Amino acid sequence: MTAGVLDKTKLAWWAVLAVVLVAIPFLMGDFYINLLSQVFIAVIFAASLNMLVGYGGLTSLGHAAYLGVAAYLSAWLFLKMGWSHLVTAPMAIVGTTLMACAFGWIALRATGLGFMMLTLALSQVLWGLAYRWVGVTDGDNGLRGLTRPAPFGIDLENTTAFYFFTLLVTVIALAMISRFVHSPFGAALKGTRDQPRRMSALGHSVWMIRWLTFVYSGFWGAVSGVMFVYYNKYIHPSSMALTSSAEALLGVIAGGSGTLAGPVVGAAIVVLLKNYVSGYVERWNMLLGFVFVFIVVFMPEGLVPGMHRLWNKLRAKKAVRDNAAGGGEKV
Amino acid sequence: MQFWVIQTLNSLSLGGLLFLLSSGFSLIFGLMRIANLTHGAFFMLGAYIGITIMKNWIPNLWLATLLGGVAIAIIGGLFERFVLRPLAGNSQGQVLVTLGVSLIIADLCLIVWGGDPIPIPTPESLRLPLRVMGLMFPAYRLAVVLIAILVGIALYLLIERTRLGAMIRAGVDDMQMARGVGIPVSRLFTTVFCLGAALAGMGGIIGGPIFSAYPGLDADMLPLALIVVILGGVGSLVGAFVGSFIIGFVYTFGIALLPDLAYVILFLPMIIVIAFRPRGLFGKVSA
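One line per chain: the protein sequences are E and C, in this order.
Counted the way the numbering used here counts, the first sequence spans residues 1 to 331.
Counted the way the numbering used here counts, the second sequence spans residues 1 to 287.
Keep in mind the hints are simulated off the structure, nothing from the lab.
There are no misleading hints in this set.
Part of the chain C face toward chain E, derived, beta carbon under 10 Å:
id: 1; residue: 99
id: 2; residue: 106
id: 3; residue: 261
Quick list of in silico lysine to any residue cross-link-like pairs, SDA-like style, CA-CA up to 20 Å:
id: 4; chain 1: E; residue 1: 80; chain 2: E; residue 2: 139
id: 5; chain 1: E; residue 1: 274; chain 2: C; residue 2: 111
id: 6; chain 1: E; residue 1: 80; chain 2: E; residue 2: 232
id: 7; chain 1: E; residue 1: 190; chain 2: E; residue 2: 111
id: 8; chain 1: E; residue 1: 80; chain 2: C; residue 2: 261
id: 9; chain 1: E; residue 1: 80; chain 2: C; residue 2: 260
id: 10; chain 1: E; residue 1: 233; chain 2: E; residue 2: 32
id: 11; chain 1: E; residue 1: 274; chain 2: E; residue 2: 34
id: 12; chain 1: E; residue 1: 233; chain 2: E; residue 2: 87
id: 13; chain 1: C; residue 1: 55; chain 2: C; residue 2: 121
id: 14; chain 1: E; residue 1: 190; chain 2: C; residue 2: 92
id: 15; chain 1: E; residue 1: 10; chain 2: E; residue 2: 20
id: 16; chain 1: E; residue 1: 274; chain 2: C; residue 2: 110
id: 17; chain 1: E; residue 1: 313; chain 2: E; residue 2: 299
id: 18; chain 1: E; residue 1: 274; chain 2: E; residue 2: 243
id: 19; chain 1: E; residue 1: 274; chain 2: C; residue 2: 108
Computed list of chain C residues with no C-beta within reach of chain E, every gap over 12 Å:
id: 20; residue: 5
id: 21; residue: 52
id: 22; residue: 81
id: 23; residue: 124
id: 24; residue: 127
id: 25; residue: 131
id: 26; residue: 143
id: 27; residue: 147
id: 28; residue: 163
id: 29; residue: 177
id: 30; residue: 179
id: 31; residue: 182
From a predicted model like this one, the values you see are computed outputs, not experimental measurements.
Using N, Cα and C, we set each Cβ at its ideal position, and we do this for glycine too.
Make the full structure from the sequences, and use the hints.
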């Protein structure tokens, strides 16, 4: 990223992207603006999961727990305690991050499949709690009657204002996550993914590196949860269900885990697919399942690395052809 | 007193059903190193298939259980052969595929059987409670406990006393050596997967008179099975047995005494075990 700033073509592309993202609300209808806001929230969520899955090699099947708990906390504090958004948002994020501290401690007793099972079990227990602890969560009815905040007098009930708010949060999130994975700590994290024993022989505390990543990932998951509840103004236990974790994981894997752009592309595809398909058929879960199987079987590395490889191949071919042509003239 | 008797029996019968579910899960995990997330879906599919068999062909729960078990075993075998096998060696990919397939099965059940819970009738002969010393014991739940214990003994004998069991144990302990001495590990995988799936499916049918069949049954049962296996230790039959009954008691009494927080109480045994013994109570290797 930092090296990319010097690269003029890259800079131009970023500028184009920025202009497009800023211009969209003035060109498109509310439906599309809302759709993009949803994409942004899913992007934060998937990017937070990607730190664990892609950079840490720790496949979590229960990431929806952080989105869900943050959303529930924010909603519950607002509705039942009557606190203002200024208090509930930080409380929800801090509370969820603390939960990630505890869950990380439990889940990281294992790695690999054990880690998957523990994260899944933990999140499913929370899902069951959300359904059955009716006194707090209103069970299957979900918590409704929420509002969006109005920071600095800008009312986020306005679609465009909310779009820019989520865009801002997403840019900050991606910048922070990018900073994280490109830091020396991020390098150490990748080390624990590829060679845990060597890392530990080099004197790194593998467990601590993983745990801190887990907590940081939970933190951004919580942020996406607060954004999620602001967008929907409603929270239901299904947001914490396995399907929700699976959607995020699909976004990460489909886009390409362990790359920054992967979860962005993947999450966007999942949200768009979900929105368009559910307009035609009710069978989103089945489609999700099929896409899952398809991606794992046919495109295990994900779209972004796949396309990257294809692009490099094409360029290499072109270079070879140019060279051959150049060589031909000489002879 | 009656309350405690009933709750104890409920705990035991839930424990028995969990054993049917988690023993297969644990065997598959131990041998194939796959966390089979379709297991909850097999349980639910078993319940639905059992109902269909009983409604249309044979109104006998036990025969339906056997037939349903065979059906799920076939489905499991096909799934293992044609979907999981090409991904051999990529255990993360395999787990993700089981997740995808569990979503597909759950949605298929919703299409075929609809969204309303379908009860499975209790067999005629077990409808009346047993009366002993002025206390009532629901007969069906006693039968479920009995079945679970019989299945447990049968599995134990299968694993410890037969040639097939010896091959499975060899595969669990050291896959490469097992292959090296000529054990057909590949066929073993399919056999164990079918067996595990069949146990889950039969659990679903036997559990039918207690739970009914409803959408979401899979998502309700899978975490319980995971917790049982984490608690008892992966790949261990004894662990699955003990873990099932611990969770059966914790969950049932949790719901009876603290209905709101039963799910939180589920955490406790798992956290205690994970804290002091990450491999689980009876596990040989950590997951």
